[in-house]
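**Q** Listed below, chain by chain, are the residues.
Protein chains: 2
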Amino acid sequence: MANPTAAMLVIGDEILSGRTRDANMYHLAGKLTEAGIDLKEVRVVADDAPKIEAAVASLAHKHDHLFTSGGIGPTHDDITADCVAAAMGALIDVRDDARAILQAHYDRQGMEMNDARLRMARIPNGALLIDNPVSHAPGFSLGNVHVMAGVPKIFEAMVEGLLPTLTGGDPLLSVTVRVDRGEGDIAGPLGELAASNPNLSFGSYPFQKKDGRYGANLVIRGTDLSQINEAAARLKEIFGDDAT
Amino acid sequence: MANPTAAMLVIGDEILSGRTRDANMYHLAGKLTEAGIDLKEVRVVADDAPKIEAAVASLAHKHDHLFTSGGIGPTHDDITADCVAAAMGALIDVRDDARAILQAHYDRQGMEMNDARLRMARIPNGALLIDNPVSHAPGFSLGNVHVMAGVPKIFEAMVEGLLPTLTGGDPLLSVTVRVDRGEGDIAGPLGELAASNPNLSFGSYPFQKKDGRYGANLVIRGTDLSQINEAAARLKEIFGDDAT
Chain A
30 MANPTAAMLV IGDEILSGRT RDANMYHLAG KLTEAGIDLK EVRVVADDAP
80 KIEAAVASLA HKHDHLFTSG GIGPTHDDIT ADCVAAAMGA LIDVRDDARA
130 ILQAHYDRQG MEMNDARLRM ARIPNGALLI DNPVSHAPGF SLGNVHVMAG
180 VPKIFEAMVE GLLPTLTGGD PLLSVTVRVD RGEGDIAGPL GELAASNPNL
230 SFGSYPFQKK DGRYGANLVI RGTDLSQINE AAARLKEIFG DDAT
Chain B
30 MANPTAAMLV IGDEILSGRT RDANMYHLAG KLTEAGIDLK EVRVVADDAP
80 KIEAAVASLA HKHDHLFTSG GIGPTHDDIT ADCVAAAMGA LIDVRDDARA
130 ILQAHYDRQG MEMNDARLRM ARIPNGALLI DNPVSHAPGF SLGNVHVMAG
180 VPKIFEAMVE GLLPTLTGGD PLLSVTVRVD RGEGDIAGPL GELAASNPNL
230 SFGSYPFQKK DGRYGANLVI RGTDLSQINE AAARLKEIFG DDAT
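Line order of the protein sequences matches chains A and B. Going by our numbering, the first sequence opens with residue 30, and the numbers climb by one from there. Going by our numbering, the second sequence opens with residue 30, and the numbers climb by one from there.
Since the hints were derived computationally from the structure, they do not count as laboratory data. Any given hint could turn out to be false.
Because identical chains cannot be distinguished in the list, a pair is counted as satisfied if it fits within a single copy or across any two copies.
Stated by the list, open to error - The calculated DMTMM-like cross-link candidates involving lysine to aspartate or glutamate, where the alpha carbons are at most 25 angstroms apart (straight line), are:
#1 LYS60 to ASP253
#2 LYS238 to ASP214
#3 LYS80 to ASP111
#4 LYS265 to ASP144
These numbers were taken from a predicted model, which means no experiment stands behind them.
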């Protein structure tokens, strides 16, 4: 059976303006690969309700899972929860379970609940909460849409809690063969090997060495390790002493 | 007049599998902000022709510019040039000007042209070449689609050559005010200030200090520096000694 597919939606003006370098895409991509969920597409959009709603509706429809990052704090530009509810046709309001989690946290901290903080308890009807062990304001899963925070430490903690609850497939495995030749010399034999192994994917990632000469890391990906190893052995045979 | 808008398309299995952390989005976002071109959307897709073609067609139609990154090398998975040509309805073949650039480079290096290297001279009819001062294989602009390499050093060099040839708008300026209070205390006054300054955008980016307490960087963005400074002064007035 084919692995489940996923998309990611990163939400935030700060990514598109170049203020912040996104870290969550790289983190999630690695974790999904381990879990056997195939990340097929990522989009980054601004804090703009129509754009967020359109992206959520499209991506949630096309994939088994959609993971979002960003826009669930207390400020005016935190509109992800409302946009996801609108895109999925769900009602949204302050929910008692989420409010209780926040209230307990603020009580412990000796802080007061106010309207801004209460916004973080806005959770769509029918959604399951995602635990936030870092700063307590929860994320949520509404159908196949998993809504998480943008702050990397919180995003990573939410992913760690969420992923074991999802059904994955065969983990995507990979083996890398380094070849100390230019890609122009590698491309021919590599293309033939790729054509004769349709179950594997072959990537070539060039690099330049300190002496100015080129090499490439050839990455073989698939779910069957013995097939991958066989292809790696064939690459080493082809490129001889230049392959390690 | 409103600034031109842009989208970016990052192409490559290695980003979606978590093998490689993309660096080009962050780089381009910063450069476009300086140039007064508004980056509205980024997508990341795999080395998959129908996905690349659909994304190019959609994003080139919606924005003044589309910048792509990745998939223009010599190997079998380098299919961006052909996909862009297909999406834009252009013919593509080995072009004499691109071939001459590559041939001169290989002659200097004492390397032979072969079929794989010749693939990098496949350029759509009507496209303008984008100079590659690093490894010589050119990128190209076809209509409003600017096709560049994925290797960050090459991508950055291509952006540096390309951007001065595009007409930008007013650079997006920003001023940051640090407030040493939790976002829950900041959100109310910040939301009011945002509502009364529709020409500016206000972002709030929380952080946790070593002592466990929270603060936030409030970023005010716009094209009129005096308006931005006025709003920053107002924030400092509101948050008093907690604002720096």
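**Q** Indicate, hint by hint, whether the structure satisfies it.
**A** Do the hints match the structure? See the list:
In this assembly of identical chains, LYS60 and ASP253 lie within 25 angstroms of each other by CA distance solely inside one copy; the values are 19 angstroms within and 42 angstroms between copies. In the homo-oligomer, the alpha carbons of LYS238 and ASP214 lie at most 25 angstroms apart inside one protomer (16 angstroms), although the nearest pairing across protomers, at 52 angstroms, exceeds that limit. In this assembly of identical chains, the alpha carbons of LYS80 and ASP111 lie at most 25 angstroms apart only when taken from the same copy (13 angstroms versus 29 angstroms across copies). Taking the shortest alpha-carbon separations for LYS265 and ASP144, only the inter-copy value of 22 angstroms comes in at or below 25 angstroms, while the best intra-copy value is 63 angstroms.
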